Each structure stands twice: as structure tokens, then as C-alpha cells.
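J.: One line per chain: the protein sequences are Z and X, in this order. So in the working numbering, spot 265 of the first sequence is number 265, and the numbers just go up one at a time. So in the working numbering, spot 224 of the second sequence is number 224, and the numbers just go up one at a time.
Possibly wrong hints are sitting among the right ones.
Identical copies carry no separate label here, and so any pair may be met within one copy or between two of them.
To be verified - The list that follows gives simulated cross-link-like pairs (lysine-lysine, DSS-like), each with its CA atoms no further than 30 Å apart:
| no. | residue 1 | residue 2 |
| --- | --- | --- |
| 1 | LYS97 | LYS272 |
| 2 | LYS58 | LYS23 |
| 3 | LYS279 | LYS97 |
| 4 | LYS210 | LYS279 |
Keep in mind that the hints were calculated from the coordinates and are not lab data. Just so it is clear, the structure is predicted and the values come from calculations on it, not from any experiment.
There are 2 protein chains.
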Amino acid sequence: MRDIVFIERDPYAPVRHCYAVSKILYQGKSPYQEIQVIESPEFGRMLVLDGVVQLDEKYEFMYHEYLAHVPLHAHPNPENVLIIGGGDGGTLREVLKHETVKRAVLVEIDREVIEVSKKYLPTLSVGFNDPRAIVVNEDGYKYVQDYEKEFDVIIVDSTDPVGFAQVLTTEDFFRFVFRALKDDGMFVAQTESIHYHLEMVRTVQQRLRKVFPIVDLYTSVVPIYAGYWWTYSVGSKKHPVREPVRPVKVKTKIYSEEMHRHAFLPPGFYEKLVKGEFKL
Amino acid sequence: MRDIVFIERDPYAPVRHCYAVSKILYQGKSPYQEIQVIESPEFGRMLVLDGVVQLDEKYEFMYHEYLAHVPLHAHPNPENVLIIGGGDGGTLREVLKHETVKRAVLVEIDREVIEVSKKYLPTLSVGFNDPRAIVVNEDGYKYVQDYEKEFDVIIVDSTDPVGFAQVLTTEDFFRFVFRALKDDGMFVAQTESIHYHLEMVRTVQQRLRKVFPIVDLYTSVVPIYAGYWWTYSVGSKKHPVREPVRPVKVKTKIYSEEMHRHAFLPPGFYEKLVKGEFKL
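Required output: the full structure, derived from the provided sequences and hints.
T.: Below, the structure is given as C-alpha cells:
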């Protein structure tokens with residue numbers, strides 16, 4: 001490890017990560033948060049918001065491929081997709097790989113994240129140039145309240161649920177999302193880790209069960225997110241999500257039909273987790 | 001995070017972990033390595049060897065349960081078990097939960113690790129008092145060369161394969177292990193992570209395939225081991241390992257029949273990984 005080190009300050013984790021830094025590409029402050037782009041010899045460029053690493057170029061596929069492709073392959077015909085957050089563009093990039101998708105609306109509260117990503121993270125932000133992409137600079141919590149039976153898939157790609165992203169895990173929000181989805185729509189959100197955020201995962205799952213008839217949870221291992229065993233919570237109006245229902249034609253690094261199935265926890269452990277019988 | 005911080009120095013990972021420290025319980029130096037036991041408010045006690053965290057009390061089950069119970073449940077009648085390394089006692093504790101086990105030999109090169117664990121890590125070292133446990137203070141690489149068709153299961157629970165643990169990943173060593181196993185014996189070793197040590201995982205798998213007719217790989221997520229998506233490499237003389245062949249009677253935090261199956265990677269991804277077609 002070299003001498004110049006970035007020390008992460010994640011208020012939501014019991015560990016701090018230190019990464020070697022070879023370059024500081026950007027440092028600024030938006031109305032919402034501090035934004036930094038640093039370069040690490042091992043991870044490539046990293047986007048840092050309020051001191052917490054949001055993505056690195058090397059391993060971001062472990063998050064974005066899982067977040068986007070599991071719901072989009074579990075849905076028989078996803079045409080109209082809403083992404084809340086995700087200003088870096090990584091989730092949008094994956095969503096737009098689906099030929100079925102006619103319109104992908106990205107609602108990002110912080111327009112400066114998008115501008116920074118367009119400039120410094122070209123492999124992430126590539127989707128912003130797609131004519132099917134619509135960018136809205138607004139609060140996703142408010143935006144979703146204006147729609148009824150509009151979207152096939154809604155994806156929350158937010159920062160940690162502290163501060164302004166906290167409302168995106170409330171039962172109220174899930175009810176707005178339910179209303180904004182078509183009759184066979186589905187919802188997915190990143191919901192932190194099993195190891196370091198178990199109570200949070202459980203709470204979100206329990207709230208989703210009050211709103212959606214089908215609720216599930218899947219995971220992938222994201223090395224730069226403290227807790228690592230990252231969870232994605234699903235609420236679905238009609239379709240189960242454990243099996244892909246369309247052939248996988250998208251080009252990916254790790255996502256596949258078998259990895260889709262494998263991402264879901266075995267049913268017994270999943271139930272223990274939601275019921276609080278799995279204790280740390 | 002409090003003001004007193006332990007900064008890990010893992011020569012084998014592109015990240016450094018910082019943990020809050022509430023107490024320093026032990027600091028010493030054996031002929032082989034520096035040994036520390038520290039206490040963290042979130043993780044409980046942690047054993048540190050040469051600056052690298054080997055275990056914490058809170059999450060050690062994610063490693064020890066997987067390392068021990070997968071091979072022991074895939075074997076129809078494990079009576080005679082050899083553990084190489086594992087001086088903290090965690091693997092021994094799990095092995096001795098099996099009623100079939102008549103003898104568990106633990107060969108640890110560094111006797112001081114065992115003494116420190118007995119004193120400071122009672123929940124780990126509990127197995128050392130079991131009459132079925134035999135402790136040998138010797139180099140495991142040499143020890144295993146003296147046996148032929150002796151053991152049902154051989155487990156390598158070593159430090160990172162740098163320094164004196166490196167010989168435990170050589171083809172020579174795997175041939176000695178093969179000879180020391182009974183005709184239906186099986187071998188498992190911790191073999192680092194998919195994300196940060198992919199080349200290492202691949203190399204070990206390829207070497208095992210030169211020696212054993214059945215080779216496999218399974219994983220669990222260990223938060224204190226940098227790379228997190230931890231791998232366990234298996235070489236088996238006769239029995240496949242993906243299915244438990246005996247009912248799970250041992251008391252565990254997470255291991256179960258379904259978690260046994262789920263620990264194995266889907267076959268397509270596993271083959272891509274070993275063949276070098278999964279690239280980071």
C-alpha cells in the first residue's frame with residue numbers, strides 16, 4: 001500500500017477501509033453532499049459521497065449487474081423502468097442493455113453526481129446518451145407519488161439509508177411505489193448487508209411484506225461496501241423473482257441464469273433471517 | 001469509531017481495515033510470528049498474527065462452520081480427522097461436534113498460538129479439553145508425509161499462503177495429503193477470496209485437479225477477511241461433496257443442509273473461474 005491513503009468514514013459500519021490513492025480527480029460540494037473522485041492503483045476510479053465509497057471501476061459489476069438484471073429477467077416484459085438514485089449511471093447502463101426497455105427514467109436528487117460521473121466515470125455514465133434514458137433532477141420520494149400503474153420495474157439505487165435516503169425505506173414510500181407500478185410490476189432496492197446491517201434488512205423486509213404480496217431477498221458480494229454480503233430486497237405484485245423468465249441475452253461479467261438463482265438465499269435461512277431467528 | 005484504532009497490515013490485500021480497539025489483551029512474539037489479542041467493541045476479541053486479523057468472536061462462525069461441516073457432512077463416516085494449523089481451536093471445536101469423530105489431530109506449528117487461545121479465546125479453544133483431541137506441535141507439511149491411508153478428512157486451516165504457510169498450497173503437499181487419506185478420504189483447505197485472490201484460487205484448484213479425481217470449491221462470506229467471498233477448495237478420493245450425506249445434528253449458527261448446497265458455486269461459473277474465463 002502506498003503512502004497516500006484514503007480513509008473511508010462510513011457512519012453505518014463497524015470498520016473503516018483504507019485505500020491507496022494515486023490521483024485525486026475531483027473534489028467538490030453539492031447542495032446535498034461532498035463529492036470526490038479518486039483513483040486507486042488496484043480499484044480504478046472510485047466515486048466517494050460524504051466520505052463513503054459508492055463504487056469502484058473494478059468491482060462495480062458485482063452491484064450493478066445484480067441490482068438491475070435480477071428484476072429485469074424476472075419480469076416477462078420490462079418496458080418502462082424507473083431508477084431512483086443511481087446518478088453514477090451504472091444501473092441505467094445495465095437496464096438499457098435490455099432490448100425490451102423502451103424508457104428508463106432516472107430520478108436523481110443531486111444533479112452534480114450525474115455531471116461528475118459523465119466527466120470522470122465514462123464506463124458508468126455511458127447510458128445517459130441513450131435516447132431511451134430520461135433524467136429527472138428531483139426527489140425520488142416525491143416523484144413516485146405522481147404516478148399510478150406507470151412502471152414495470154422500479155429500482156432504488158440509493159446511498160446508505162441515513163440522511164436524505166432514509167425515507168426510501170419507509171412503509172409510506174413502499175405504498176407509493178406499489179401504486180406507481182403496473183399490475184404485474186416489481187420493485188427492488190439495495191438494502192445494505194447481512195453481517196453489518198441485519199436489523200435494517202429485517203425491517204425493510206417486514207415493511208415490504210405489509211405492502212406487496214410477493215417479497216424476496218437476494219444477495220451478492222460487493223467488496224467495497226462494508227458488510228460485503230449485500231442484500232437486494234424485492235417486492236412484486238404478481239411474478240415470483242427467483243427464476244429468470246426470459247433468456248439472458250445481455251452481456252455481463254458475472255450475471256447469468258444460474259447466478260440469478262444462486263443469488264437467492266435458501267428458503268429456510270431466508271425465513272430465519274426475516275423472523276429474527278438468525279442472530280449475530 | 002473510537003479514537004484508538006487497529007490498522008490491519010495485510011500484505012496480500014488491496015485494502016486495509018481499521019477497527020476500533022477497546023482493550024489490548026495480549027501482545028507477544030513467538031518464533032514464528034507476532035501474536036496479539038485485541039478487543040473491539042463491535043467484534044469482540046480478535047486474534048491478530050503478524051498484523052493480520054485471523055478471527056473475531058462475532059463472525060468466526062462464518063469461517064469455522066463452513067470449513068469443518070461441509071467436508072464432515074459430505075463424508076459418510078468421518079472418524080479420524082487431521083487439522084493442519086487452526087491453533088485457535090475454532091475448527092477443532094466444530095469437528096468435535098460430530099459424534100462419528102473418534103480422533104481429531106491438530107498439528108499446529110506455533111504452540112504459542114494455542115496457549116494464547118486457551119487463555120484469551122475460551123469460546124474458540126474449548127475443544128482442546130476434549131479427550132478425542134490430540135495436539136501435535138509440528139510442521140504440518142512434514143507431519144502429513146509420515147502417514148498413509150490414515151485419515152478420513154484432512155483440513156488445512158492456515159494463515160494466508162505467504163511465508164511459512166505457502167508450502168501448504170503446493171502440488172507436492174497435495175500428493176502427501178492424498179497418500180495420508182483413506183481410500184474414501186477428502187481434503188479441504190481455506191484458499192483465500194474470489195475478488196482479491198482469484199489467481200491463487202485458480203492455481204490451487206488446478207493443482208488439486210492433478211492429484212484428486214474429485215475437486216470442488218465452495219464459499220462463505222467472512223467479513224474480517226479482506227476479499228470476503230472466501231473460498232474453500234476440496235479434493236476428494238471417492239465421494240462428491242455438494243450434498244450432505246448425513247443428517248445435520250450439530251448445533252450451528254448458520255450451517256445447515258440447505259446452506260451446505262448453497263455454499264457451492266453454480267457449475268457454469270465455477271468452471272469459468274477455474275479456466276480463467278471469469279476475469280476481474
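J.: Take the hints in turn and mark each one as holding or not.
T.: Checked hints:
In this homomeric assembly, LYS97 and LYS272 come within 30 Å of each other (Cα to Cα) only across copies, at 23 Å, whereas the closest approach inside a single copy is 35 Å. For a Cα distance limit of 30 Å, the shortest separation of LYS58 from LYS23 inside one copy, 16 Å, qualifies, whereas the shortest one across copies, 36 Å, does not. Proximity of LYS279 and LYS97 under a CA criterion of 30 Å is satisfied inter-copy only: 20 Å between copies versus 39 Å inside one chain copy. In this assembly of identical chains, LYS210 and LYS279 lie within 30 Å of each other by CA distance solely inside one copy; the values are 23 Å within and 41 Å between copies.
Violation of the numbered hints given earlier is absent; every hint is satisfied by the structure.
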